[in-house]
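Modelling step: build the complete structure from the supplied sequences, incorporating the hints.
Chains as they are written, first to last, in our numbering: chain A, 1 to 424; chain B, 1 to 424.
Treat the hints as calculated values from the structure; they're not laboratory data.
The reader is advised that the hints may include incorrect statements.
As the list claims (entries may be wrong) - Partner residues are not named here, just some residues of chain B that face chain A (Cβ under 8 Å, in silico):
| no. | residue |
| --- | --- |
| 1 | Arg36 |
| 2 | Arg68 |
| 3 | Thr103 |
| 4 | Thr114 |
| 5 | Leu280 |
As the structure is a computational prediction, the values presented were derived from the model and not from experiment.
For glycine and all other residues, C-beta sits at the position ideal for the given N, C-alpha and C.
Below, each chain spelled out in residue letters.
Number of protein chains: 2
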Amino acid sequence: MKLNEMSRQQLENLYQVTLAEYEKCKAQGLHLDMSRGKPGQEQLDLSMDLLNMHIDPNETKMDGVEARNYGELMGLPAARRLFAELLGVRFEQVFAGGSASLTLMYDLIAKAYTHGLLHSEKPWSKLDKVRFLCPAPGYDRHFTISSTFGMELITIPMTDNGPDMDLVEEYVKDPAVKGMWCVPKYSNPDGIVYSDETIARIASLRPAAPDFTLVWDNAYCVHEFDGDFVPFVNILDACEKAGNPDMVFEFASTSKITFPGAGIACFACSEANMDYMKKLLNAQIISYDKINHLRHVLYFKNAQGVLDHMKKHAAIMKPKFDTVLRYLDGEIAPLDIAHWHRPRGGYFVSLFVMNGCAKRVHALCKEAGVVMTGAGATYPGKNDPNDSNLRIAPSFPPLDELEKAMQVLCVCIKLAAAEKLLNK
Amino acid sequence: MKLNEMSRQQLENLYQVTLAEYEKCKAQGLHLDMSRGKPGQEQLDLSMDLLNMHIDPNETKMDGVEARNYGELMGLPAARRLFAELLGVRFEQVFAGGSASLTLMYDLIAKAYTHGLLHSEKPWSKLDKVRFLCPAPGYDRHFTISSTFGMELITIPMTDNGPDMDLVEEYVKDPAVKGMWCVPKYSNPDGIVYSDETIARIASLRPAAPDFTLVWDNAYCVHEFDGDFVPFVNILDACEKAGNPDMVFEFASTSKITFPGAGIACFACSEANMDYMKKLLNAQIISYDKINHLRHVLYFKNAQGVLDHMKKHAAIMKPKFDTVLRYLDGEIAPLDIAHWHRPRGGYFVSLFVMNGCAKRVHALCKEAGVVMTGAGATYPGKNDPNDSNLRIAPSFPPLDELEKAMQVLCVCIKLAAAEKLLNK
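So, in structure tokens, the structure goes:
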């Protein structure tokens, strides 16, 4: 029975029953973590052969570049080729970096502030106001980068096809709007894949700011856990064809392929952007860790090697997502007090509880020993206008713990809804 | 016979003989590189056991931190302990970073521009002028960082005890002077170890700028190639005792211990600075590569393990430095047309040819197939006021190539001097 069709007495009964369940949950003294998109232990174990790979002294030089010594600003050529193949871009467009794409994104924005980007009239630090488009729900660490530089964050609602493009097209008429955060495939947290039409409209934007920049975080480009690899649009190509060759920087990493925070990352951009960035990067770095580049290249060999490896992750991830959905479908759907996405890749299930209840559900979970990503974290300024969205990250806990955590979460969703309807 | 005691005829004879020697050098068609402080092949081979170390799945967690997963902003605790022991500082003062201390230095300066440092009144990007003290000859990449941010670089002459402190004490009275680059042990390129008195005066500076910052690049802290490890002053402690606890950031890395550009790096600073930096770094990085931290910790175990390893580098480096000095002492000293330092550690021999001759010597070497660091590179703006200093980097070429390169260099020094005295 739907909660909003219940009588007050029925609601009161439900509340009392759920409260008793909740007290039982608390009594278990759980310590469960569904807060971050961290791969679980089993996933880490998939790459032990990478950790312990044997490299011959005569294998350390590839394309004439000695991986063990200084040099080659753009990274080991073979690592750049691997990323180029994965992203479908040209070798010349790829810069192989350190272990974190987040850092490469931060550094891009930092350079926009200190030096300006290729088409900037002046460094952003010299501007009175910088505004940035933030499709939301979105990735909290993107918004944190914008916030740390003092940008004004503009919330763009997500639709099932990606960011609301009517709004985006309107906002980019403002020259203070300097860019947009995008997770185009299995968006964080909704798991939405931007539609071809959305991507075409993004690539064809006519921003007033000459240095408007898409931060295209392709974090989950090969991260299907359900079904085969889904090809994606080459955004560099799309922007170039739409007359915006320098409007996008694409990012990817192996953090959720091999080792989180210890994989290899890259950015890809137009050759003109690359020439500009190389001059600036030359002051910051001699070259990133080419030995880690080498390990990854020897381990995967090519893009197919990566896709094969992702199947192993999928086999671990799918049962976890199935568990999340089984609980939500079984416990919550009949009550009609929440809705959620059903992603086929990525790391999250995006859950929308009743308006005004997300913080309460989060607090109830926490009290019962289940840590979730903070309510509101998926919105700019950590401010969810509806106080509704919660991000479920099922990858880290083992399956048996995940079951327990979902039990608790469902009880908390029910309890918060009953509280709300009863004005408790 | 000294060149300045020769008659014009004697000089002319020397010139003709040297020119003939130079033509013979050119005819060899050499391709030799003495330009960068890159370890040589033999040195890279010293760390193959690190490259190929076996790590058990149950070894990947240390101090409760899983090296293979996200987390722990400050890096693997065991890596921080290792650096703390090496630098003689407290564990809490150490942040273990990625593979490059240069990047950590750049990022410090970048954050001073975008956010300001702990005691900044405003971000440096909001200031009309930022001036930075550059002891010279010095490290070109330090000066490049200052230049890329548009600082005014102030040359501070190096003495045999470190930077000319009378000048430094004078300059820091200017509130626009925001810091100083320092390589306190085996300075690049002179190989000078700052004296205790110099360090005491540095630690006791009373700069007008509240956010004046020493960038203390302890790049060669354990890099003796001649004799035993020489202990060094704990600059964090010295600054604290002098009432300047937050005035210094110290940097170090294993780039010239294990693998250049693929080792591990750190910075160390006061706890107050660390609290401030952690907040800013939290937007840039989840954590640097903790697997590489782990490898280094398992490989070295402790500071003594590092010192033992450095003895192996020394056995390779000493004959190279001996070769450089043997040529200079034998070929150049009797003519009194140059002087040079005799370092016991570090990576360079700093050579001062006759005023006005460094660029000429560099060009002559280049024409004969011997690449040296650009003349002037060791000065701010690449401008050596005397056009005299050349940096010899003997580590990269094998010994037999180094011999040939030094033969060529000596011929070029003589030729340039004779040209100058004969006004050719």
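Status of each hint after checking the structure:
At its closest, the beta carbon of Arg36/B sits 7 Å from a beta carbon of chain A; the interface hint therefore holds under the 8 Å criterion. Interface hint status for Arg68/B: upheld, as the beta-carbon distance to the closest one in chain A is roughly 5 Å, under 8 Å. Using the Cβ-Cβ criterion of 8 Å, the hint placing Thr103/B at the interface with chain A is satisfied: the shortest such distance is roughly 5 Å. Of the supplied interface hints, the one on Thr114/B holds, with its beta-carbon coming within about 5 Å of a beta-carbon of chain A, less than 8 Å.
Of the supplied interface hints, the one on Leu280/B holds, with its beta-carbon coming within about 7 Å of a beta-carbon of chain A, less than 8 Å.
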